[in-house]
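This is what each chain is made of:
Number of protein chains: 2
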Amino acid sequence: MTTYTAPVDDMMFLYEKLRNNKFYNELDKYKDVTPDLVKNILEEAAKINQNLILPLAKAGDEQPAVLENGVVRTPPGYKEAYKKYIEDGWTSLSCDPKYGGQGMPKTVSAFFDEMLSSASLSFKLYSELSIGAYNCINHHATDDVKKKFLPKMVEGKWSGTMCLTEPVCGTDLGLLKTKAVEQSDGTYKLTGQKIFITSGDHDLTENIIHLVIARSSDSPSGTRGISLFLVPKFIVNEDGSLGPRNGISTGSIESKMGIKGSATCVLNFDEAAGYMIGPKNKGLNSMFTMMNLERIVVGIQGLGISEIAYQNSLIYSKERKQGKSNKNNSSNGSADFIIEHADIRRSLLNMKSIIEGERALCFWLSQQTEVSLNHNIEEVKQEAADYVSLMTPVVKALFTDMGSEITSEAMQIFGGYGYTKDQGIEQLYRDNRITPIYEGTNSVQAIDLVFRKLINKNGDIIDRYIKMIKKDLENNNEKLSPFIKDLNIYLDKLISFTTWIKDKVENSKDDANAACNDYLKVLGLIAVGHSWIKVLEVSFNDYDNNKEFYEDKIQTARFFFQRVLPRIDTHCISAMSGSGYIMDFKFN
Amino acid sequence: MTTYTAPVDDMMFLYEKLRNNKFYNELDKYKDVTPDLVKNILEEAAKINQNLILPLAKAGDEQPAVLENGVVRTPPGYKEAYKKYIEDGWTSLSCDPKYGGQGMPKTVSAFFDEMLSSASLSFKLYSELSIGAYNCINHHATDDVKKKFLPKMVEGKWSGTMCLTEPVCGTDLGLLKTKAVEQSDGTYKLTGQKIFITSGDHDLTENIIHLVIARSSDSPSGTRGISLFLVPKFIVNEDGSLGPRNGISTGSIESKMGIKGSATCVLNFDEAAGYMIGPKNKGLNSMFTMMNLERIVVGIQGLGISEIAYQNSLIYSKERKQGKSNKNNSSNGSADFIIEHADIRRSLLNMKSIIEGERALCFWLSQQTEVSLNHNIEEVKQEAADYVSLMTPVVKALFTDMGSEITSEAMQIFGGYGYTKDQGIEQLYRDNRITPIYEGTNSVQAIDLVFRKLINKNGDIIDRYIKMIKKDLENNNEKLSPFIKDLNIYLDKLISFTTWIKDKVENSKDDANAACNDYLKVLGLIAVGHSWIKVLEVSFNDYDNNKEFYEDKIQTARFFFQRVLPRIDTHCISAMSGSGYIMDFKFN
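In the order they appear, the protein sequences are chains F and G.
Under my numbering, residues 3 to 590 are what the first sequence spells out, in order.
Under my numbering, residues 3 to 590 are what the second sequence spells out, in order.
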């Protein structure tokens, strides 16, 4: 069984010392979100995650969600915990007060997302898509629809889903077959099958609001004929009360390697009543409002699972004695705690330096997200939106791949015990493994980054991003200079790689395609390195006020610069070898 | 459900064209092992693995081994399959004809080990340790003991185990507590608890022969007081018939992430009768005879699981249509098979180039092993033994880590489907994950390599190994030269790293310890690259006789040199950054 202590100190450090984005600080709506308030929220969040939700992880793994007589039953304890969870208002954290939300910024809700991912990803998934659906409805629906659906969703009494995938289309949504036929009253009847629907059915809420992409019967084939529909499990009457069951049934739920507490459903729509949300045939655009924010949250899932894996392997390494360290000269059989061994320490610091760097990057991205949504100057909004768009695939893919690495390293520290069910580590390894796959596989993220995000209609985004980092590196702090020197070396490698890949996107697409995963990793490592520079700047300037904390940060950063950043070398060399020999290969 | 086609062609290519070790070819005992005979064996082996054993993988995962009323029951179908398996003589393949074995060299049995690992690792584990126990008894026991135990073990009617680990000691066997008290007749009574005992109990054989390390009551503490004992589940009478049950009971079996068909037992020894094997207090040395060969087999497990994961993802990539390739200009929704996408091809070639390179390295190592065991010139034997000793940790750790990488890449190609139980891919990912842990974690392998294998009492082994590669690279074949040039660049990096690490082993052990995993990877990648050079040499020289086959080899090698070998850069840079900042870190 794993233990978990929410990293409130590190989060508060970020909130107090790294909230240095001028535009973010100009946002009126968050003027009252003081550090004291945030600290209160995080401490309450820590309690519920550590005490109420953490035990659900093991429960859900041992007694997975099941489909019984057409109804999905969540694992033991989920219902009671969910009741308390919504009573305490956690589903409403980042929602608009207009609909009953608490109006907290993403800089706060992202911390909660991380904690909840650490405690139980399966449990988290029952409310996670609700937030996505809330955002999508809030952004694209009419006021009537918003008034009818949002308050209950914010309250957590109703939940939401995202219905995209079908048996023949996952990545390639242009292939979708679900049909929507317009009725005389302007509503639609949807018929088709959706698969891999997270929380597609369950017993935690009174209603489930499905956001479904489908093709209206008079729409063209391909991605240009897709519209978005709101399709509730139970029809909602005009007065907001629940009417009859809609034409949606759960065909089956998946038997999966991990996140067994989460119900992944096959949903059959049989003339189900639906309401079009947003403009006709622009459904993919509307859905991507939801998808993009969701992708960042999936990155945060990887971060949260990494954190709990690290914490447990650190504790174990201080309890398990095995072998002598190089300092131990005793000639009897006495052994040292394994944390005394250099190789174990290296592994622990690898985890820690990645996790804390990622958290800092994520905090920067949360600020940018808020600016992109709420600043009153269009230009400022747009620039932030461009950075968010650039970093979304990076955070999704890098953090989740690192989650695989870190949960694997944690298991390795546990040795044979790590492979057994008792310690809970192997569950983290299995649970995390969905994150590089869902919401677009990490290869899809890399292709998105390289082919669509580097340059967009607003110009050369990656060039602007690199210039921003360059500017941040113009810092005369002497103690920072070795770190800045290292990052500059690798930034130059990113610049060369960027020039190369932009050319390939134009002139040799397969070369770019075969290199895109490496490119994403390089950009991601630079972004984490850049975040560490900002952490270091504070650490050196504010050193005397909290020596122990800052010394820990400085040494952790040192590890990242010495041992993690050099991964860039291999990525650059192998990716830029081109793809002719790959495309010509005959896979007989 | 996975499919599997044993790679007999590639194995026969190695057996026919790469069996070029002069000393190996001098071994009289294998003169009759002609390619025709080997081909017959491999074709029969392919049949039994593809047809009889492959289905056991899923069966064992769905209905794991269980402990019922103190008795371990194997999964459905295991008993019937095991009966056929021993009737066909597969347990005796590499054993001495004196005891009923078929006397095949490791160059052949290693191929069988690979196939069996691909088909079902859990099933394999019921006979795998028998071979280890056979080797250990054959090497260290008296003739009487050999005559009494070996024929039944060779026949497969009895199986064997290795009992090392105890609750407080895995890596660090000096801590062991199991006691052996000498009796007046020269036998011993053993008391203690052993954990993580693979196939510690099961219902496939009539008897189980445990090889147990324990401390004789008058022996010193630490590793210098450990002796090796043979402890049978049922006492064996003088006439070879089975007597009463010995004092061994199965306390529990582990609930594990994977290899669920395999019973991992807690064994309680309560005054169990045992016979000392080999010299008193030298038990660890005797056990390591078994352990070292076993570690190579664990490496082969990683290779076998990689092969079947690759095969299934290749098939899937030719069946699944999703997205347009860069060549597809159609404007309707038509999609291409995912194997048309550069990034998927890159991933497939990554797997293939590693797998085939590993298989060639393993074949070279099998030849060296046979020379080390059977050559009649002591000096030749010793040199081969040194190479085997150097490469054992490399093959164990590299192949199993690559198994984690390759099964993960294969799952990624399957997308969401890969995470469900239906495809069998996620099982390969889970089953393989034990291989970097058991028989000594991969960090233990790396420490063993760096601190004990580079230089031994016979001299500077790594220096001799590097010189051998250098000599093999003195080749004037023009077509080979770009490959040789690349390998030489990386060989020079290995040489610098070696000089650095030898110095650190002497003068700064923590630096060496923190670098040892990277060093193992670098040496391993060079060893695989070297094996590819030998494959390429044949491919170019014999090109016209089998163009399609050799072209495939040449292009696969190209991928390895362009995209896999450059991993060496990062390993060298990060490892040689030292460990001061790691050792000083305060993990509060």
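If you are wondering where the hints come from, they were derived from the structure by calculation, not from laboratory data.
Check each hint, because a few of them may be wrong.
Identical copies look the same in the list; a pair holds intra-copy or inter-copy alike.
Straight-line alpha carbon distances no greater than 25 Å define the calculated DSS-like cross-link-like pairs of lysine-lysine that follow [said to hold, decoys possible]:
#1 Lys423 to Lys60
#2 Lys383 to Lys31
#3 Lys481 to Lys588
#4 Lys481 to Lys423
Exercise. Give me the numbers of the hints this structure contradicts, sorted from smallest to largest.
Key: When the structure is compared with the hints, only number 4 turns out to be violated.
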